[in-house]
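Which chain is which? The protein sequence lines are A and B, in order. Sequential numbering of the first sequence, starting at 1, is according to my numbering. Sequential numbering of the second sequence, starting at 1, is according to my numbering.
Check before you lean on any hint, since a few could be wrong.
[To be verified] The list that follows gives simulated cross-link-like pairs (lysine to aspartate or glutamate, DMTMM-like), each with its CA atoms no further than 25 Å apart:
id	chain 1	residue 1	chain 2	residue 2
1	B	K120	B	E433
2	B	K204	A	E35
3	A	K213	B	E301
4	B	K374	B	D30
5	A	K213	A	E53
6	A	K213	A	D193
7	B	K481	B	D465
8	B	K136	A	D210
9	B	K374	A	D69
10	B	K481	A	D131
11	A	K135	B	E260
12	A	K97	B	D21
13	B	K136	B	D30
14	B	K374	A	D73
15	A	K213	B	E520
16	A	K213	B	E320
17	A	K97	B	D22
18	B	K481	B	E504
19	A	K145	A	D124
20	B	K204	B	E319
21	A	K97	B	E301
22	A	K165	A	E212
23	B	K481	A	E35
24	B	K136	A	D69
25	A	K196	A	E152
26	A	K97	B	E206
27	A	K213	B	D313
28	A	K97	B	E520
29	A	K196	A	E142
30	B	K136	B	D22
31	A	K165	B	E320
[As the list claims (entries may be wrong)] To give a feel for the contact side, a few chain B residues facing chain A, derived at Cβ under 10 Å:
id	residue
32	R207
33	R372
34	K374
35	L377
36	V409
37	E411
38	M463
39	N471
40	V472
No lab work stands behind these hints: they were computed from the structure. Note that the coordinates shown come from a computational prediction; the quantities given were computed from them, not determined experimentally. Quick reminder that beta carbons are idealized off the backbone N, C-alpha and C, glycines included.
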Amino acid sequence: MTTKTDTALCISCGKVTAAQLVCSGCGVVQSPTAEPDFFSLFALPRKLTINLEDLAGRYYALSRRLHPDLFHDRPVAEQVASLRATAEVNRAYRILKDPVSRALYWLSLHGESLGRDNERVPADLASLVFDVQEKLEDLRAERRKGGAAAAESEMRGIQGELREKMHGFEERLTESFTRSDCVDGHHAAALADTKKILSELHYLRTLIRDVEKELEPQWSA
Amino acid sequence: MERIVGIDLGTTNSLIAYLDDDGVPRVIADPATGRTTLPSVAAFRENGEVVVGDRARALAPLDPAAVVQSVKRFMGLGREHVNAVDRRRYAFAEDGAGVVRFHVGERFYTPPEISALILKELKRWAEAAFGQPVRKAVITVPAYFNDSQRQATKDAGRLAGLEVLRLVNEPTAAALAYGLDRRNEGTVAVYDFGGGTFDVSILKLERGIFEVKATGGDTRLGGDDIDERLAAWLLGERGAPAGGTQSRAVQAQALRAAEEAKCRLSSTEHTEVSVELQDGTGLERMLERATLEGLIAPIVERTIAACRQALRDAAMWPEEIDAVVLVGGSTRIPLVRERVRALFGREPLCDMNPEEVVALGAGVQAGILSGRRKDMLLLDVAPLSLGIETMGGVMTRLIERNTTIPTSVSETFTTAVDNQTAVDVHVLQGEREIASDCRSLARFSIPIEPAPAGFPRIDVVFMIDANGILNVTARDVRSAKERSVDVKPSYGLTDAEIERMLEESIDHAEADVAARLLAEARTDAETLIRQTERALRDESRFLGAEEESQIRDAIGAVREAMEGRDYNAIRDRIERLNVASTPFAQRIMSSSIKHVLERKTVSEVAS
Numbered sequence: 001m002t003t004k005t006d007t008a009l010c011i012s013c014g015k016v017t018a019a020q021l022v023c024s025g026c027g028v029v030q031s032p033t034a035e036p037d038f039f040s041l042f043a044l045p046r047k048l049t050i051n052l053e054d055l056a057g058r059y060y061a062l063s064r065r066l067h068p069d070l071f072h073d074r075p076v077a078e079q080v081a082s083l084r085a086t087a088e089v090n091r092a093y094r095i096l097k098d099p100v101s102r103a104l105y106w107l108s109l110h111g112e113s114l115g116r117d118n119e120r121v122p123a124d125l126a127s128l129v130f131d132v133q134e135k136l137e138d139l140r141a142e143r144r145k146g147g148a149a150a151a152e153s154e155m156r157g158i159q160g161e162l163r164e165k166m167h168g169f170e171e172r173l174t175e176s177f178t179r180s181d182c183v184d185g186h187h188a189a190a191l192a193d194t195k196k197i198l199s200e201l202h203y204l205r206t207l208i209r210d211v212e213k214e215l216e217p218q219w220s221a
Numbered sequence: 001m002e003r004i005v006g007i008d009l010g011t012t013n014s015l016i017a018y019l020d021d022d023g024v025p026r027v028i029a030d031p032a033t034g035r036t037t038l039p040s041v042a043a044f045r046e047n048g049e050v051v052v053g054d055r056a057r058a059l060a061p062l063d064p065a066a067v068v069q070s071v072k073r074f075m076g077l078g079r080e081h082v083n084a085v086d087r088r089r090y091a092f093a094e095d096g097a098g099v100v101r102f103h104v105g106e107r108f109y110t111p112p113e114i115s116a117l118i119l120k121e122l123k124r125w126a127e128a129a130f131g132q133p134v135r136k137a138v139i140t141v142p143a144y145f146n147d148s149q150r151q152a153t154k155d156a157g158r159l160a161g162l163e164v165l166r167l168v169n170e171p172t173a174a175a176l177a178y179g180l181d182r183r184n185e186g187t188v189a190v191y192d193f194g195g196g197t198f199d200v201s202i203l204k205l206e207r208g209i210f211e212v213k214a215t216g217g218d219t220r221l222g223g224d225d226i227d228e229r230l231a232a233w234l235l236g237e238r239g240a241p242a243g244g245t246q247s248r249a250v251q252a253q254a255l256r257a258a259e260e261a262k263c264r265l266s267s268t269e270h271t272e273v274s275v276e277l278q279d280g281t282g283l284e285r286m287l288e289r290a291t292l293e294g295l296i297a298p299i300v301e302r303t304i305a306a307c308r309q310a311l312r313d314a315a316m317w318p319e320e321i322d323a324v325v326l327v328g329g330s331t332r333i334p335l336v337r338e339r340v341r342a343l344f345g346r347e348p349l350c351d352m353n354p355e356e357v358v359a360l361g362a363g364v365q366a367g368i369l370s371g372r373r374k375d376m377l378l379l380d381v382a383p384l385s386l387g388i389e390t391m392g393g394v395m396t397r398l399i400e401r402n403t404t405i406p407t408s409v410s411e412t413f414t415t416a417v418d419n420q421t422a423v424d425v426h427v428l429q430g431e432r433e434i435a436s437d438c439r440s441l442a443r444f445s446i447p448i449e450p451a452p453a454g455f456p457r458i459d460v461v462f463m464i465d466a467n468g469i470l471n472v473t474a475r476d477v478r479s480a481k482e483r484s485v486d487v488k489p490s491y492g493l494t495d496a497e498i499e500r501m502l503e504e505s506i507d508h509a510e511a512d513v514a515a516r517l518l519a520e521a522r523t524d525a526e527t528l529i530r531q532t533e534r535a536l537r538d539e540s541r542f543l544g545a546e547e548e549s550q551i552r553d554a555i556g557a558v559r560e561a562m563e564g565r566d567y568n569a570i571r572d573r574i575e576r577l578n579v580a581s582t583p584f585a586q587r588i589m590s591s592s593i594k595h596v597l598e599r600k601t602v603s604e605v606a607s
């Protein structure tokens, strides 16, 4: 994915405005261009490391200018632009605030992806995954027999351990971000490390979701 | 500045509020009674009269077939969603599929039409308070309402003559009212257990921004279910299976008794309940609070499970929540408070009136939209995942639940067969993996130019707006032509249906006005005849010989016109009677004035 630096005409004053959400000439809200760079929407450099509090502050400030609630008595063109711009900012915020989705997005900006590696169980996690899946199968079997209180409480313990483990991985990911940022993503070793942790974290999340789904079945459709 | 109102359209009661000039939200009372809550009940009487609120509610035990209550539970539902309990309480149109229709008397009513009657009454209260018409409103909905339920609420507003500027989720509205005071910052859980629905939302309040982190709930779980269980238990005591054999009137009475007993048990440990059965015998029971708690524990546990899910979605532990706010009448139940306290490990807040807080929050949001509160902004989420049906009947998610709205996602579609002329898309909402387990929102067809399979590329954008309502646009990538997509709601009203209902209600309104004018003309005619006849009898000394017969003829003419329904004719004859009797009336008048003057003079002299 490449960022487009194409220009557009302001919906209000008609002057050329850079690919931003607010016209530099008259200050009127604009629809986002087809593929805006999420980092640049928040006026941030393309770095993996992000201060979440700072990001939230930028997100709130943008929302206060763009949100559709502020446009209901404005012309329809502005209402539509506000809706589209807010939807885009919300999407950008959602992707950037989560370290895993942020890293995947960052990789895509650099023409990289986790590729086929992501489809295999990461070697370091293989035994853990196997273990948890087996316990989940036990729990289901106990349930079929009726009454699975013991198996359930064991699974809750596993859930807690997995969450702890995930936090550890998230910290490692942050550290690897710092290393990758220092070399600006061009150092193969740093990048490979980031990708490996990402892949593991991704797997861990799926595993936690499986466990949680088993523990708390949906109460309604 | 035009006033925008905020409306809490509840299952049991509805309220209307606004933000005053000092930025304080206030509820508006019924100008006639001073009450601020309107029971969400409508009744259709045999004489064609439609009543809402307390008067309709009072009719429920007497004439249950004429009364519709808890209509909110049916908003946006299809006929196949109506269950056995519902069928015991109401008669429905049974033909075919589509929107639920209540069968009352000779007519059928959709849930939005009934809700519109309640909205119109509230609108009238506000118009009386402001002394000017009200056209724009914010209406609250349960956070867990799906797209069809939201659409239905918007339709109800439109039918009531209101432009619905925004639908606000109820727990979020409660948080707006709670967080108006800036001292209340941090992370808040709102536990909203009302008459028919349960919602839980977790929000971050920071410098005027209200960011919803996660929401969850059940749109068919509320105080009504508690009443149903208790009523079934009461009737079941006599060996009847869960109220199945009792008449509707007995069931309505048992429900009312159950509801009242439930309320009493929030402040006492035991209470007496009595229901009169079909065979005329009375049923009297002593009910312990513990018995009630045993009956409703499974319902309360479902709400606690929803809270745990919301916490997980927000990626938070219970102890990270700074405050728990209770909303909705069902939170008065001690067991509910106890379980909420146990989950969050802190005393829940209930210093705000749980019945009013949602309406007050709607009033705040109305104020934000009208520009009265520029410092506050609400960032809400989509409560349910949105997706499409893909190969093998699987639900493929495009937007995950708890995504901040507005949000959009685009998907590219192509064809599987050569020379296809259209691509069919089935939009789903829900958390289940299988398409048929999710709620069907809409099906639409995108027309395309015939081409070999896999050649066409159509980008479809699914946009969820700030109301949580889905909008779809499609673009043919090769021709770069925008195509408007005709999204047919699976369980909604079409624009044409709404137009027809609006026209009908205008027709009715005209008929209503004519009936009122006729009634008024007849009353005026009666009054005038009575007064004139009394004068003819008592003041005959002022009458000329021919005058009397002229006046009596004119009275006869008025009586004749009163037989008919033409109020203009009645007014016309009234006028002629007035002309005929004016000289007579003037003579009486001047004599009585003279009389008064004479007496006055005497009394003045006397003093």
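Okay, the hints, checked on the actual structure:
The straight-line distance between the Cα atoms of B/K120 and B/E433 is roughly 41 Å, outside the 25 Å bound, and the hint therefore fails. Proximity of B/K204 to A/E35 is assessed by CA-CA distance (about 30 Å); at most 25 Å being required, the pair is judged violated. At most 25 Å may separate the alpha-carbon atoms for a hinted pair to count; A/K213 and B/E301 meet this at roughly 18 Å. About 30 Å separates the Cα atoms of B/K374 and B/D30, which puts this hinted pair outside 25 Å; it is violated.
A hinted pair counts as satisfied when its Cα atoms are at most 25 Å apart, and A/K213 with A/E53 does not qualify at roughly 31 Å. A threshold of 25 Å between alpha carbons decides the hint, and for A/K213 with A/D193 the separation of about 30 Å lies outside it, so the pair is violated. Of the supplied pair hints, the one linking B/K481 and B/D465 holds, its CA atoms being roughly 23 Å apart against a limit of 25 Å. Between B/K136 and A/D210 the CA atoms are separated by roughly 46 Å; this puts the pair beyond 25 Å, and the hint is violated.
This hinted pair checks out: B/K374 and A/D69 have alpha carbons roughly 10 Å apart, not beyond 25 Å. The straight-line distance between the Cα atoms of B/K481 and A/D131 is roughly 53 Å, outside the 25 Å bound, and the hint therefore fails. Annotation: proposed proximity of A/K135 to B/E260 is violated, straight-line Cα distance about 48 Å (limit 25 Å). At most 25 Å may separate the alpha-carbon atoms for a hinted pair to count; A/K97 and B/D21 exceed this at roughly 38 Å.
About 19 Å separates the Cα atoms of B/K136 and B/D30, which keeps this hinted pair within 25 Å; it holds. Between the alpha carbons of B/K374 and A/D73 the distance comes to roughly 14 Å, so the proposed pair stays at or under 25 Å and holds. A threshold of 25 Å between alpha carbons decides the hint, and for A/K213 with B/E520 the separation of about 67 Å lies outside it, so the pair is violated. A hinted pair counts as satisfied when its Cα atoms are at most 25 Å apart, and A/K213 with B/E320 qualifies at roughly 23 Å.
Annotation: proposed proximity of A/K97 to B/D22 is violated, straight-line Cα distance about 37 Å (limit 25 Å). Straight-line distance between C-alpha atoms of B/K481 and B/E504 comes to about 39 Å, which puts the hinted pair past the 25 Å bound. With a C-alpha separation of about 34 Å, the suggested pair A/K145 and A/D124 falls outside the 25 Å cut-off, and the hint is violated. A threshold of 25 Å between alpha carbons decides the hint, and for B/K204 with B/E319 the separation of about 14 Å falls inside it, so the pair holds.
Simply put, A/K97 and B/E301 have alpha-carbon atoms about 33 Å apart, too far for the 25 Å limit, and the pair is violated. Simply put, A/K165 and A/E212 have alpha-carbon atoms about 15 Å apart, close enough for the 25 Å limit, and the pair holds. With a CA separation close to 19 Å, the supplied pair B/K481 and A/E35 stays within the 25 Å bound. About 14 Å separates the Cα atoms of B/K136 and A/D69, which keeps this hinted pair within 25 Å; it holds.
A threshold of 25 Å between alpha carbons decides the hint, and for A/K196 with A/E152 the separation of about 32 Å lies outside it, so the pair is violated. A C-alpha spacing of about 17 Å is found between A/K97 and B/E206, which places the hinted pair at or below 25 Å, so the restraint holds. Pair hint A/K213 plus B/D313 holds up; C-alpha atoms about 12 Å apart against a cutoff of 25 Å. The straight-line distance between the Cα atoms of A/K97 and B/E520 is roughly 67 Å, outside the 25 Å bound, and the hint therefore fails.
With a C-alpha separation of about 36 Å, the suggested pair A/K196 and A/E142 falls outside the 25 Å cut-off, and the hint is violated. Distance check on the hinted pair: B/K136 and B/D22 sit about 20 Å apart at the alpha-carbon level, within 25 Å; holds. For a cut-off of 25 Å, the pair hint linking A/K165 to B/E320 stands: about 20 Å separates their Cα positions. Because the beta carbon of B/R207 sits about 7 Å from the nearest beta carbon in chain A, less than 10 Å, this interface hint is met.
Violation of the interface hint for B/R372 is found here, the shortest Cβ-Cβ separation to chain A being roughly 12 Å, above the 10 Å cut-off. With 10 Å as the threshold, the beta carbon of B/K374 comes within range of chain A, its nearest partner Cβ sitting at about 8 Å, so the hint holds. Because the beta carbon of B/L377 sits about 6 Å from the nearest beta carbon in chain A, less than 10 Å, this interface hint is met. With a least beta-carbon distance of about 8 Å to chain A, the hint placing B/V409 at the interface is held under the 10 Å criterion.
The closest approach between the C-beta of B/E411 and any C-beta of chain A is roughly 14 Å, which is over the 10 Å cut-off, so the hint fails. For B/M463, the interface hint holds, the least distance from its beta-carbon to any beta-carbon of chain A being 6 Å, beneath 10 Å. Checking B/N471 against chain A: minimum C-beta separation of about 9 Å stays under 10 Å; hint holds. For B/V472, the shortest C-beta to C-beta distance to chain A is roughly 14 Å, which exceeds 10 Å, and the interface hint is violated.
When each numbered hint is compared with the structure, violations occur for hints 1, 2, 4, 5, 6, 8, 10, 11, 12, 15, 17, 18, 19, 21, 25, 28, 29, 33, 37 and 40.
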